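Protein chains: 2
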Amino acid sequence: MVKKVYGIGVGVGDKELLTLKAMNVLEKVNTVFVPISKEGKKSIALEIVKDYINGKKIIELLFPMTKDKEILKKYWNEATEKIMNEDGEVAVLTLGDPTLYSTFSYVWNLLKDNGVEVEIINGISSPFAAAGRLNIPLVEGDEKLCILPQGKDLERYLDEFDTIVVMKTTNLEEKLKELNDKKDKYLIGIVKKATFEDEKIAFGKIDEIDFDEFRDYLSIAIIKKVK
Amino acid sequence: MVKKVYGIGVGVGDKELLTLKAMNVLEKVNTVFVPISKEGKKSIALEIVKDYINGKKIIELLFPMTKDKEILKKYWNEATEKIMNEDGEVAVLTLGDPTLYSTFSYVWNLLKDNGVEVEIINGISSPFAAAGRLNIPLVEGDEKLCILPQGKDLERYLDEFDTIVVMKTTNLEEKLKELNDKKDKYLIGIVKKATFEDEKIAFGKIDEIDFDEFRDYLSIAIIKKVK
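Residue numbers (the working numbering), protein chains in the order written: chain D, 1 to 227; chain P, 1 to 227.
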């Protein structure tokens with residue numbers, strides 16, 4: 001039975017964003033669990049760490065892209081069982097940081113429910129990488145920040161928060177177009193696949209952004225009020 | 001004159017949370033600027049990277065702990081001038097991540113205004129380190145997160161956000177006590193100096209926390225609604 005599980009955030013696309021701690025933990029574990037979204041599809045998280053896990057046992061965990069909670073629960077349970085059946089100390093990889101919208105969090109909760117020791121190794125998460133690539137601070141001084149998945153309740157917070165991060169920007173254009181004559185009050189920075197080789201960046205007023213280029217699962221928008 | 005400035009997030013207390021990228025950049029620059037809050041006081045950021053900057057020129061940047069914007073501006077301008085007068089490529093260290101409430105952000109803006117090239121090297125920031133140490137996810141699925149410095153407008157967002165991060169918890173107890181009979185609706189995780197050797201952690205309902213132990217500049221609270 002498993003002794004300890006390290007939940008490792010491997011950061012975003014740039015392999016160098018891995019922490020020394022992640023590298024050192026990967027060196028000492030025997031088994032590395034890697035998330036995939038489809039059978040036969042490459043794990044992005046595995047690509048990032050592959051230089052540091054020579055000779056390790058690699059086990060894939062399937063987390064399909066669906067919003068159906070019942071289906072997902074089945075896969076989370078399966079993944080948890082696989083991890084618990086492994087011996088010794090193991091690592092489970094996740095893109096970004098394990099504490100922020102990671103698929104690992106569901107397995108993490110199940111492992112804790114089963115009394116398994118979990119240690120989190122933080123990683124660089126995409127909103128920070130996106131702000132870095134846009135060359136703008138997210139927040140300064142006493143500014144307020146919120147993070148809204150899929151821009152949930154965006155209209156309610158646009159005037160209250162100095163900075164809004166939207167994770168997954170698929171419907172963002174439609175939400176922002178509804179602002180009509182208030183549109184010029186905001187600046188949008190938008191980044192697809194921050195720090196990956198095929199990264200794409202835009203920054204400007206709402207009407208200046210070609211949102212079609214950013215309809216991607218790994219896109220992040222940063223919305224700021226014009227000062 | 002300076003050619004390029006790397007704004008490097010060195011993470012929080014645990015030295016191993018440094019990224020490989022930060023380490024590699026520190027290796028190639030000639031000069032490393034380190035923030036201090038008082039003349040003669042040790043730089044925490046310098047402590048974290050000191051094993052990687054043997055033989056480098058170290059220059060201190062003084063950012064005193066005051067809220068007086070006019071005084072601060074004087075020091076930001078002085079720091080920017082010092083950086084611009086250095087030759088070649090230089091690094092400026094900051095605790096946590098440069099994009100999230102970093103002192104570096106003011107200097108960063110001034111450098112950009114002066115046409116200096118800046119590249120951001122992200123670091124692990126304290127809310128993530130705190131969640132990791134508390135062994136709880138910050139947000140999952142479609143949950144909403146906000147970050148409020150000093151708990152600004154906390155009462156307005158307590159019921160709207162799944163998770164609220166409070167940076168600097170000095171007045172948090174007073175704000176939370178006002179909730180009276182609603183107090184048991186929330187769980188608080190609170191971490192002083194996450195991942196430092198003298199880290200302190202508590203988790204529970206509001207009445208169970210000894211807030212006096214967490215009146216510290218580097219304390220973070222994570223507030224969640226009881227599900």
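Quick caveat, the hints were computed from the structure, so don't treat them as lab data. Here the structure is a predicted model, which means the values were calculated and not measured. Think of the CB as a built atom: it goes at the ideal place given N, C-alpha and C, for glycine as much as any other residue. Where hints are given, some of them may not hold.
Okay, the calculated bits of chain D under chain P, using three or more residues with CB under 8 Å as the criterion [what the hints assert, rightly or not]:
hint	segment
1	47-60
2	131-138
Chain D is faced by these chain P residues, among others (derived, beta-carbon under 8 Å) [what the hints assert, rightly or not]:
hint	residue
3	Gly40
4	Ile147
5	Asp153
6	Glu155
Hints, one by one, checked against the model:
Given a C-beta distance limit of less than 8 Å, the hint that chain P covers the segment 47-60 of chain D is violated, as 0 residues qualify and 3 are needed. Check on the segment 131-138 of chain D: 7 of its residues sit with their Cβ under 8 Å from a Cβ of chain P, so the three-residue criterion for coverage holds. Nearest Cβ of chain D to the Cβ of Gly40(P): about 26 Å, over the 8 Å cut. The hint is violated. Here the hint on Ile147(P) is kept, as its CB sits about 4 Å from the closest CB of chain D, short of 8 Å.
The interface hint given for Asp153(P) is met, as the beta carbon of that residue sits about 7 Å from the closest beta carbon of chain D, less than 8 Å. For Glu155(P), the interface hint is violated, the least distance from its beta-carbon to any beta-carbon of chain D being 13 Å, above 8 Å.
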